[in-house]
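Residues per chain, in single letters:
There are 2 protein chains.
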Amino acid sequence: MVDLTALHNHSLFGGITEDQIARIKDFFILEEYGEGDFIEREGETGDRIYFIIEGQVEILKKITETGKLSRIFMFSEGDVFGEMELIDVQPCAASVRALRPTTALTLSNKGLHQISQYDLKVFSLMIMNLARDISRRLRKADDIIALCPELNKLKE
Amino acid sequence: MVDLTALHNHSLFGGITEDQIARIKDFFILEEYGEGDFIEREGETGDRIYFIIEGQVEILKKITETGKLSRIFMFSEGDVFGEMELIDVQPCAASVRALRPTTALTLSNKGLHQISQYDLKVFSLMIMNLARDISRRLRKADDIIALCPELNKLKE
Numbered sequence: 014m015v016d017l018t019a020l021h022n023h024s025l026f027g028g029i030t031e032d033q034i035a036r037i038k039d040f041f042i043l044e045e046y047g048e049g050d051f052i053e054r055e056g057e058t059g060d061r062i063y064f065i066i067e068g069q070v071e072i073l074k075k076i077t078e079t080g081k082l083s084r085i086f087m088f089s090e091g092d093v094f095g096e097m098e099l100i101d102v103q104p105c106a107a108s109v110r111a112l113r114p115t116t117a118l119t120l121s122n123k124g125l126h127q128i129s130q131y132d133l134k135v136f137s138l139m140i141m142n143l144a145r146d147i148s149r150r151l152r153k154a155d156d157i158i159a160l161c162p163e164l165n166k167l168k169e
Numbered sequence: 014m015v016d017l018t019a020l021h022n023h024s025l026f027g028g029i030t031e032d033q034i035a036r037i038k039d040f041f042i043l044e045e046y047g048e049g050d051f052i053e054r055e056g057e058t059g060d061r062i063y064f065i066i067e068g069q070v071e072i073l074k075k076i077t078e079t080g081k082l083s084r085i086f087m088f089s090e091g092d093v094f095g096e097m098e099l100i101d102v103q104p105c106a107a108s109v110r111a112l113r114p115t116t117a118l119t120l121s122n123k124g125l126h127q128i129s130q131y132d133l134k135v136f137s138l139m140i141m142n143l144a145r146d147i148s149r150r151l152r153k154a155d156d157i158i159a160l161c162p163e164l165n166k167l168k169e
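Chains as they are written, first to last, in my numbering: chain A, 14 to 169; chain B, 14 to 169.
FYI, nobody ran anything at the bench for these hints, they're computed from the structure.
Check the hints yourself; a few may be wrong.
The list makes no distinction among identical chains, and a pair is therefore deemed to hold if it is satisfied within one copy or across any two copies.
As a list, the in silico BS3-like pairs of lysine-lysine whose alpha-carbon atoms are at most 27 angstroms apart [unchecked claim]: (1) K123 x K153; (2) K134 x K123; (3) K134 x K81; (4) K123 x K38; (5) K134 x K153; (6) K38 x K75; (7) K81 x K123.
Remember, it's a predicted structure, so these values are computed and weren't measured experimentally.
Generate coordinates for the entire structure from the input sequences, incorporating the hints supplied.
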């Protein structure tokens, strides 16, 4: 039985009632990971979003020049990752490794498509919320890049 | 009369037919700008997306330390900006200035909301396409930031 409490307060479900969430619960899958487990690996196909119910993970990107992994984020309970892969199946932009035992509720791209056929209104609200979240992350990233004129040149 | 040709091939309308675009055309407004005109100013409220029909613009961000404007992008015919403000009305993340006479087709957040009430299917396709575009931009931005460990620290 999937506990949906973690979803209710998440921005992805803004404007969506508890009853509506309960009706789409079967499209979600609960996953468990041990400390040090790679949940996703950069470059491998990713197709799902993860809602961290319990635990902590680090998001790692490979530095092209050195091949070393560089930590770009840490996420824990209440955080979400994989938004980009949920809506656009493609190689994972980064690796994700559990820093301690971690439980996550996941929704795949296929599951999202099924939701669109099951309830277009809920689907469109979820996508709108997701787009806003990604947009806010892009805004922050652009702010960071703007601090460094040399990095800016890479964007042109 | 708004020429919708510029919209047909844009990713925002992926999966949306020409007939469907024609039916939502009245929600779009055509705007014209002279060389040097500020189309948007960083920090002022932005609420719309712009499809450049003709011309060229530069996207500028203010460097906090110096107050100077730093160019982070240039856009021309076929390019789009304001995706973030379309779905999330808030202070513009950057300024936009016309580098030469520029014509743009615009859609406001209010217009988008009207489309959602008029045709939920078209609306949800547009938002999905928009989310994918923003997601790809975030992916590129994260790649750039990953090149610079010192910038990474700002994200934690």
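Hints and how they fare:
Taking identical chains as interchangeable, the C-alpha atoms of K123 and K153 lie at most 27 angstroms apart only when they sit on different chains, with a minimum of 25 angstroms there against 29 angstroms within one chain. Within a single copy, K134 and K123 get their C-alpha atoms as close as 17 angstroms, and across copies as close as 18 angstroms, so both meet the 27 angstroms cut-off. In this assembly of identical chains, the alpha carbons of K134 and K81 never lie at most 27 angstroms apart, being 44 angstroms within a copy and 44 angstroms across copies at closest. For a Cα distance limit of 27 angstroms, the shortest separation of K123 from K38 inside one copy, 14 angstroms, qualifies, whereas the shortest one across copies, 31 angstroms, does not.
Taking identical chains as interchangeable, the C-alpha atoms of K134 and K153 are never at most 27 angstroms apart, the minima being 29 angstroms within one chain and 31 angstroms between chains. Proximity of K38 and K75 under a CA criterion of 27 angstroms is satisfied in neither setting, with 35 angstroms inside one chain copy and 44 angstroms between copies. For the homomeric pair K81 and K123, neither the shortest alpha-carbon distance inside one copy (33 angstroms) nor that between copies (46 angstroms) is at most 27 angstroms.
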